[in-house]
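There are 2 protein chains.
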Amino acid sequence: MDVNFVNPFLKSLLNVLETMAQLELKPGKPGLKKDEIARGDVSGLIGMVGPQTKGSLSISFDKGLAIEIMRRMLGEAPESINEEVTDMVGEITNMVTGGAKRLLAEDGYDFDMATPVVVSGPSHTITHKTEGPKVLIPFTSIHGHATIEICFENI
Amino acid sequence: MDVNFVNPFLKSLLNVLETMAQLELKPGKPGLKKDEIARGDVSGLIGMVGPQTKGSLSISFDKGLAIEIMRRMLGEAPESINEEVTDMVGEITNMVTGGAKRLLAEDGYDFDMATPVVVSGPSHTITHKTEGPKVLIPFTSIHGHATIEICFENI
Numbered sequence: 006m007d008v009n010f011v012n013p014f015l016k017s018l019l020n021v022l023e024t025m026a027q028l029e030l031k032p033g034k035p036g037l038k039k040d041e042i043a044r045g046d047v048s049g050l051i052g053m054v055g056p057q058t059k060g061s062l063s064i065s066f067d068k069g070l071a072i073e074i075m076r077r078m079l080g081e082a083p084e085s086i087n088e089e090v091t092d093m094v095g096e097i098t099n100m101v102t103g104g105a106k107r108l109l110a111e112d113g114y115d116f117d118m119a120t121p122v123v124v125s126g127p128s129h130t131i132t133h134k135t136e137g138p139k140v141l142i143p144f145t146s147i148h149g150h151a152t153i154e155i156c157f158e159n160i
Numbered sequence: 006m007d008v009n010f011v012n013p014f015l016k017s018l019l020n021v022l023e024t025m026a027q028l029e030l031k032p033g034k035p036g037l038k039k040d041e042i043a044r045g046d047v048s049g050l051i052g053m054v055g056p057q058t059k060g061s062l063s064i065s066f067d068k069g070l071a072i073e074i075m076r077r078m079l080g081e082a083p084e085s086i087n088e089e090v091t092d093m094v095g096e097i098t099n100m101v102t103g104g105a106k107r108l109l110a111e112d113g114y115d116f117d118m119a120t121p122v123v124v125s126g127p128s129h130t131i132t133h134k135t136e137g138p139k140v141l142i143p144f145t146s147i148h149g150h151a152t153i154e155i156c157f158e159n160i
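Chains as they are written, first to last, in the numbering used here: chain A, 6 to 160; chain B, 6 to 160.
Derived from the structure by calculation, the hints contain no laboratory data. The structure displayed is predicted, hence computed values, not measured ones. Take these hints with a grain of salt, some might be off.
Same chains, same label: a pair holds when it works inside one copy or across any pair of copies.
Claimed, not checked - Straight-line distance between alpha carbons at most 25 Å, and here's what the computed SDA-like set of lysine to any residue pairs gives:
1. 39 with 127
2. 68 with 130
3. 38 with 87
4. 39 with 87
5. 38 with 92
6. 39 with 83
Could you build the full structure based on these sequences and the hints that come with them?
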C-alpha cells in the first residue's frame with residue numbers, strides 16, 4: 006500500500022475535526038503495523054469493497070478526546086461515552102472515509118463503503134484481519150490520542 | 006428486513022460451530038433491536054456492500070465461550086483472549102457471513118464482503134450505525150453467550 010493511499014485518510018480526519026470541532030490534532034508518522042495495536046475507548050469501524058480491493062478502516066479515540074470533540078460541537082460535555090458520542094464517532098468515521106474516497110477517486114481508486122459500526126469499552130483493542138499490509142496513523146492532542154488504521158488487500 | 010434474510014445467518018453460525026468445534030449453541034428468538042445492546046468480550050465485525058444494499062454484521066462472544074471453542078478446536082485452552090483467539094473469531098465471522106451469502110444468493114440477494122475486524126476488551130458494546138432495522142439473534146450455551154447482529158439498509 007503506497008503513501009498516496011494513506012495521506013487522503015490522514016488529511017480527511019484533520020479536516021473533519023477542524024471543520025466540525027475546531028480541533029487541531031497533531032499527526033504522527035504513519036507506519037506499517039507490526040506489533041503495535043490500535044487501542045482506544047471508543048472506535049468507529051467501516052468496511053470497504055471495490056472492484057479490485059477490499060478492506061477495513063478503524064478510527065479509535067481516547068475517552069477524553071471523544072468527550073472534548075462533543076464539548077466543542079455541542080457546547081456541553083457528556084460525562085461518559087453515551088449514545089450521542091457513539092453517534093458522533095459513527096458520523097466522523099463515515100465523513101473521514103467518504104472524504105478519503107473522494108480524494109482517491111481522483112487518482113483512479115474506487116471503493117464502496119459499508120455502514121459504520123461503533124465499539125465502546127475501556128481500552129479495547131482492534132485487530133484488522135486481512136492479508137494485506139496494515140497502516141497505522143497516530144494522532145496526538147492535549148485531550149488524548151486518536152489512531153487511524155487502514156487495511157486494503159491487493160494494493 | 007424479513008426473516009428470510011435473518012435465518013441464513015443463524016443457520017450459518019450453528020453450522021460453523023458444529024463443524025469446527027463440535028459445539029451446539031441454542032439460538033434464542035431473533036428480534037428487532039431497540040434498547041438491547043450487543044455486548045461481548047471478543048467480537049468479529051464485517052461490512053457488506055451490494056448493488057441495492059449495504060450493511061454490517063457483528064458476532065460477539067463471551068470470553069468463556071470463545072475459549073471453549075478454541076479448546077475444542079485445538080485440544081488446548083488459551084488463558085486469555087490472545088491473537089489465536091482473535092484470528093479464530095475473524096475466521097468464524099468470515100465463514101458465517103460467507104455461508105449466509107451463499108444461502109442468500111439462492112434467493113437472489115447479492116452482496117460483497119469487506120475484510121473482518123476483531124475487537125477485544127471486557128464487556129465492550131457494539132452499535133451498528135445504520136438507518137435500516139437492526140436484528141439481534143441471541144445464542145446461549147453453558148460456556149457463555151454469543152450474539153449476532155445484522156443490519157442492512159433498504160431491505
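Going through the hints against the structure:
1. With identical chains, the CA atoms of residue 39 and residue 127 are at most 25 Å apart both within one copy (23 Å) and between copies (23 Å).
2. Both within a single protomer and between protomers do residue 68 and residue 130 lie at most 25 Å apart by alpha-carbon distance, with minima of 14 Å and 15 Å respectively.
3. In the homo-oligomer, the alpha carbons of residue 38 and residue 87 lie at most 25 Å apart only across protomers (17 Å), although the nearest pairing inside one protomer, at 30 Å, exceeds that limit.
4. Within a single copy, residue 39 and residue 87 get their C-alpha atoms only as close as 32 Å, which misses the 25 Å cut-off; across copies the closest is 15 Å, which meets it.
5. Taking CA atoms no more than 25 Å apart as the test, residue 38 paired with residue 92 passes between copies only; the shortest distance there is 16 Å, against 28 Å inside one copy.
6. Taking identical chains as interchangeable, the C-alpha atoms of residue 39 and residue 83 lie at most 25 Å apart only when they sit on different chains, with a minimum of 22 Å there against 35 Å within one chain.
Violated hints: none; the structure is consistent with every hint.
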